[in-house]
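Engineer: With the hints as extra help, turn the sequences into a complete structure.
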Amino acid sequence: MSFDAQREKIKEICKDLLEKGLVETVIGYAEGGIDGARIPYMFGTPEGAKALCWDQRCVVNLCTYAYEKRDRKTGVVAKPCDVRGIVNYIAENQLNRENVYIIGVDCDGMVGADGEKLPWCAECSVKKPPVYDVKVENPDITDGESAKKEEPSSMPGDFAKFQTEISKCILCYSCRQACCGCYCPVCFMDRGVPNWQPAEPGQGAKMMYHLGRASHLAGRCVECGACERVCASGVDVRYIIKEATKFIEDVYGFRAGFDTETEPVMAAYDPGDREIGFLGGEKHE
Amino acid sequence: MNNSFVSKETLNKILKELAAAEDVLLYAPVLNGKVLDFAEITDAEKIAISDDISYKSPKEAFMPQAENLMTFSEGGVLESAYDKKTVVFGAKPCDAEALRVLHAVLMTGKFQDPFFERRFENSVLIAVGCASEKPGCFCTERGFDKEFSDFSDIMLRRDEGGTGYTVTHLSGKGRELLSEFNETKGIEAAKRTAKAQGTGMKKLELDKSIEDRELFDIIDWDKATEICQGCGMCTFICPSCHCFDFKDVSTFSETKRYRCWDSCMYPQFTLHASGHNPRASVKERFRQRVLHKYLYINKIFGYTACTGCGRCIRSCPAGMNIKKIVESIMEVLP
Chain A
260 MSFDAQREKI KEICKDLLEK GLVETVIGYA EGGIDGARIP YMFGTPEGAK
310 ALCWDQRCVV NLCTYAYEKR DRKTGVVAKP CDVRGIVNYI AENQLNRENV
360 YIIGVDCDGM VGADGEKLPW CAECSVKKPP VYDVKVENPD ITDGESAKKE
410 EPSSMPGDFA KFQTEISKCI LCYSCRQACC GCYCPVCFMD RGVPNWQPAE
460 PGQGAKMMYH LGRASHLAGR CVECGACERV CASGVDVRYI IKEATKFIED
510 VYGFRAGFDT ETEPVMAAYD PGDREIGFLG GEKHE
Chain B
87 MNNSFVSKET LNKILKELAA AEDVLLYAPV LNGKVLDFAE ITDAEKIAIS
137 DDISYKSPKE AFMPQAENLM TFSEGGVLES AYDKKTVVFG AKPCDAEALR
187 VLHAVLMTGK FQDPFFERRF ENSVLIAVGC ASEKPGCFCT ERGFDKEFSD
237 FSDIMLRRDE GGTGYTVTHL SGKGRELLSE FNETKGIEAA KRTAKAQGTG
287 MKKLELDKSI EDRELFDIID WDKATEICQG CGMCTFICPS CHCFDFKDVS
337 TFSETKRYRC WDSCMYPQFT LHASGHNPRA SVKERFRQRV LHKYLYINKI
387 FGYTACTGCG RCIRSCPAGM NIKKIVESIM EVLP
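These protein sequences, in sequence, are chains A and B.
At position 18 of the first sequence the residue is numbered 277 (this note's numbering), and the sequence of numbers has no breaks.
At position 3 of the second sequence the residue is numbered 89 (this note's numbering), and the sequence of numbers has no breaks.
Hints are computed from structural coordinates only; laboratory data are not their basis.
Ideal Cβ positions, reconstructed from N, Cα and C, are used throughout, including at glycine.
Any given hint could be a false lead.
Claimed, not checked - So these bits of chain B aren't anywhere near chain A, every CB distance computed over 10 Å:
no.	residue
1	N98
2	D109
3	A152
4	E165
5	L192
6	K196
7	F202
8	G222
9	L292
10	R299
11	E312
12	I399
13	P403
14	E413
As the list claims (entries may be wrong) - One-sided and incomplete, this derived list gives chain B residues near chain A with beta-carbon spacing under 10 Å:
no.	residue
15	K309
16	Q374
17	V376
18	A404
19	K410
To be verified - Derived BS3-like pairs (lysine-lysine); straight-line CA-CA distance at most 30 Å:
no.	chain 1	residue 1	chain 2	residue 2
20	B	K369	A	K274
21	A	K427	B	K342
22	B	K289	A	K268
23	B	K409	A	K328
24	B	K342	B	K171
Structural biologist: So this is what it looks like as structure tokens:
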């Protein structure tokens with residue numbers, strides 16, 4: 260099944276949903292970005308489905324919009340990473356399962372303006388939506404090992420790489436805004452009391468922000484790559500969060516966004532938990 | 087060789103000397119990983135000369151993201167010194183036009199900004215004309231010449247053969263800088279003025295006689311801004327956005343007062359101490375951004391604070407497009 264066939268099926272489903280009044284709004288993709296990029300598109304009438312797009316340029320993670328519209332029934336055209344974001348919201352009690360209708364779409368990865376597969380898509384191993392209300396399958400796509408192997412852990416002692424990477428950051432907080440895991444009403448970086456953010460946007464403030472955000476996202480990142488995609492400065496934002504995600508998977512065997520019922524790993528405590536997750540506990544190898 | 091020509095070698099030599107000079111800050115486009123940045127340069131080899139537009143604008147050279155203005159201590163108040171000359175190389179005509187707006191707002195209005203002024207007076211802006219329009223660019227629609235702006239101190243146009251540049255505009259400051267070098271002493275600007283753009287095309291602007299209230303509901307702002315994620319990156323990379331905030335940083339012995347960029351796209355920007363926020367949602371914030379640029383500054387200073395560089399359109403993670411929004415307003419206006 261090609262993109263075209265998938266798109267026609269998506270259109271049909273969305274039209275049907277609105278006609279039957281099962282949802283108030285549908286969030287999908289439409290034309291309108293520069294260089295052929297697709298932009299988020301929200302509509303509330305069956306006719307609106309005509310403008311829907313589905314191809315290799317549908318990069319934006321739509322689950323943040325579903326979260327914005329959490330007070331009403333919303334349908335979302337969701338790639339596996341979008342689904343994982345939604346599942347994460349549900350698991351963290353931020354979104355009612357009844358209020359979101361997941362149109363799960365198989366996805367083999369998106370491409371950038373240059374036609375090359377985006378780095379996070381190249382590393383992705385989840386090609387089929389783990390949770391859905393209706394599925395738009397593509398038999399050519401199979402779940403499995405990612406084409407590109409994850410780089411080996413560069414955490415121990417690689418402080419210099421981290422410093423170089425974040426020196427590009429201009430602290431615009433776009434990565435936070437685009438991230439589906441960052442939904443705090445007031446971010447720790449914006450808090451006045453205590454004031455975590457040094458006034459000068461120097462390395463100190465950047466470290467505070469990136470390390471703070473990475474630790475808040477431990478075991479919650481759904482690997483959608485939104486943070487890195489939005490970064491105009493070209494910071495490898497995911498690099499530090501990938502480490503946190505890998506750590507959680509190694510230690511607790513948990514990956515975020517697969518199951519709405521399982522308690523989020525960082526919200527659960529078991530006396531038998533390995534001490535490695537605690538400050539000053541056993542050493543991580 | 088005519089009198090307004092600067093060869094590539096001469097320019098490289100000048101940039102090299104400027105980069106090495108201790109009393110000069112040189113800002114220029116530089117490749118930072120994959121993206122074209124605009125930053126302070128100490129090694130002229132790193133300057134990336136290309137027709138592409140840097141994602142950041144050169145406004146940082148005139149208004150740094152954080153600037154220490156003064157220090158309070160038991161000894162009194164000490165204003166921070168600034169005695170360096172700034173040379174900005176490789177700005178685009180749209181950046182120079184944006185500087186015209188900054189200059190108008192910060193130096194010609196009711197309030198003067200001495201910190202901007204001292205940087206502006208001590209700076210030389212070397213702009214290079216664009217050879218082509220990039221995706222997202224709309225300077226032509228805004229009525230600007232992509233090859234020329236007379237608000238620069240030295241305006242260069244790349245020669246078709248690629249051997250050098252033709253100087254098409256010189257200000258006093260620009261002339262002074264070039265006269266410091268033997269190769270460019272006595273150089274004259276070739277005759278050139280900004281060409282009228284977009285003949286027969288409706289210029290993208292709003293009539294300043296419009297009352298702002300009329301525009302508050304003129305289009306469906308909810309619909310127009312529903313995909314905006316409110317990240318504020320557009321304001322940080324915009325060459326004409328200039329809102330700022332003050333921050334005091336105290337240690338045991340002294341307090342430093344900083345001026346930092348702020349952004350109207352952040353919820354904290356208008357948050358009152360009472361907890362009330364007059365611009366509570368992205369809709370109000372984005373509307374403010376559009377109307378501030380296209381209406382309010384135009385009403386007060388006579389300029390539209392958007393020069394069509396397209397940075398916000400290219401970098402927007404969601405695909406917001408200020409041009410389309412202004413067009414949709416113009417369509418419904420009588």
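Engineer: Each hint needs a verdict: does it hold in this structure or not?
Structural biologist: How the hints compare with the structure:
no. : hint               : verdict
1   : N98                : holds (26 Å)
2   : D109               : holds (23 Å)
3   : A152               : violated (5 Å)
4   : E165               : holds (17 Å)
5   : L192               : holds (21 Å)
6   : K196               : holds (27 Å)
7   : F202               : holds (18 Å)
8   : G222               : violated (5 Å)
9   : L292               : holds (22 Å)
10  : R299               : holds (27 Å)
11  : E312               : violated (6 Å)
12  : I399               : violated (6 Å)
13  : P403               : violated (3 Å)
14  : E413               : holds (13 Å)
15  : K309               : holds (8 Å)
16  : Q374               : violated (17 Å)
17  : V376               : violated (17 Å)
18  : A404               : holds (6 Å)
19  : K410               : holds (8 Å)
20  : B:K369 with A:K274 : holds (27 Å)
21  : A:K427 with B:K342 : holds (25 Å)
22  : B:K289 with A:K268 : violated (42 Å)
23  : B:K409 with A:K328 : holds (26 Å)
24  : B:K342 with B:K171 : holds (24 Å)
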